[in-house]
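K.L.:
Below are the chains, spelled out letter by letter.
Protein chains: 2
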Amino acid sequence: MATIVCDVNETLLDLAGLDGPFTEAFCERAEEVKRLWFARLLHTSTVMTTVGTWQDFGVVARTVLRDTADRLGLPLEDAQAGDLVGGMRRLRAHPDVVDGIAALVGAGHRVVALTNSGQATAEAQLAHAGLDVLLDRILSVDPTLRFKPDPAVYAHAADELGAKPGDLVMVAAHDWDCAGAMRCGWRSGFVSRPGQTYNPLLQPPTWRAPDLLALATAIGDGR
Amino acid sequence: MATIVCDVNETLLDLAGLDGPFTEAFCERAEEVKRLWFARLLHTSTVMTTVGTWQDFGVVARTVLRDTADRLGLPLEDAQAGDLVGGMRRLRAHPDVVDGIAALVGAGHRVVALTNSGQATAEAQLAHAGLDVLLDRILSVDPTLRFKPDPAVYAHAADELGAKPGDLVMVAAHDWDCAGAMRCGWRSGFVSRPGQTYNPLLQPPTWRAPDLLALATAIGDGR
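For the record, the sequence lines run as chains A and B.
Letter 88 of the first sequence, counting from 1, is numbered 88 in my numbering, and no numbers are missing.
Letter 7 of the second sequence, counting from 1, is numbered 7 in my numbering, and no numbers are missing.
Calculated directly from the structure, the hints in this document are not laboratory data.
A few of these clues could be false.
All copies of an identical chain are treated as equivalent in the list; a pair is satisfied when it fits inside any one copy or across any two copies.
To be verified - Listed next, the in silico SDA-like pairs over lysine to any residue satisfying Cα-Cα at most 25 angstroms (straight line): (1) Lys164 <-> Glu24; (2) Lys164 <-> Thr53; (3) Lys164 <-> Pro21; (4) Lys34 <-> Arg92; (5) Lys164 <-> Gly52; (6) Lys34 <-> Asp70.
Using the sequences and the accompanying hints, generate a full structural model.
P.N.:
Now the structure itself:
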């Protein structure tokens, strides 16, 4: 029995929900913009933590999207950037997620969420996707004024959950989230969603599987 | 009078030198691959520092390039990735750099380099570009086993240079490098090279200018 801590964006929720609006805004360059935006968003949030500044993840997402469009020479109004980023509140769960959470709960685990999204955004996202009722807790990085993979975030989550690091499993479609949690003594499960790979230079995850249901099987009773 | 600490890749040296080889490898997607690769390289190096792992920057660059090609579904052999990243040793200086360094030295400043590149790579890069003879010191992050913008790197550089933070100016085409140094009490000069922007969520730089020569004028005697 363990506490399974699930990342939200890309791990539980499918960013493909942004494809329509991005295609409307950027036509044939939509996929390129989306990829570059998200890579730069992750870099920027990590840098902000390293240099000791803070803003809500949604504000960072909007700022970086505007800037990414600028750098590519693509026009984008502030309001339009806000609409596109607002689409993150209306994502669907990946099709394996409901069964995956059920399997984890069935095996006796407690399942919670831990996200870089702000608390209100995270709650709206998971309610829209119908996952809020399946999760024991929804935790945001907000109280730490830092972003994952900073150690302070995992320490805060462990504290909130009243769990020892060895009883916690970070489940994410991002290698950096798994590695960050493992640095704090957690175990980790990597969900290798399409397009997600695990950097061989980082500590490998404890478990890995292509989706959450398969990962639940791999984790078993978590021993 | 101050010690002017210049970043190397993109700040002194022009990554446009990679355009030919990238176009050979990726045809019409070369620019997209290069942008995404560099954004993911910066994210990955920052993450590695946050989670406490280390590898030479060139190894990280090669690994992330292979992985970026994979994610985009573009074929790339290991050897080819090595050749492309090896091209970073043969970049030219931006056309304003020699005059910019001369102007800074003429104003009485000491001018040095501080880079995420490994020591041997940095020396080869700056020798190839003819800048080694103009620089007082070439410092790499190597001894710290961390990457910029981690505070330990700037502390190490200050120590090596025997300078107080207030007498140091980080000069970079990257907002995260300026902000990282400022967090450590340094001042900073942002070189707004084409395609480089300064994230408004980060502490603004002390000075900013479109190239190194203009920045030297802006800095003046550094008071």
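K.L.:
So, for every hint listed, does it hold in this structure?
P.N.:
Hint by hint, here is what the structure shows:
Neither within a single protomer nor between protomers do lysine 164 and glutamate 24 lie at most 25 angstroms apart by alpha-carbon distance, with minima of 47 angstroms and 52 angstroms respectively. In this assembly of identical chains, the alpha carbons of lysine 164 and threonine 53 lie at most 25 angstroms apart only when taken from different copies (23 angstroms versus 29 angstroms within one copy). In this homomeric assembly, lysine 164 and proline 21 never come within 25 angstroms of each other (Cα to Cα): the closest approach is 42 angstroms inside a single copy and 50 angstroms across copies. Taking the shortest alpha-carbon separations for lysine 34 and arginine 92, only the intra-copy value of 17 angstroms comes in at or below 25 angstroms, while the best inter-copy value is 31 angstroms.
Only between protomers do lysine 164 and glycine 52 lie at most 25 angstroms apart by alpha-carbon distance; the minimum there is 21 angstroms, versus 27 angstroms within a single protomer. Taking the closest pair of Cα atoms, lysine 34 and aspartate 70 come within 25 angstroms of each other both inside a single copy (14 angstroms) and across two copies (17 angstroms).
In this structure, the hints that do not hold are numbers 1, 3, in rising order.
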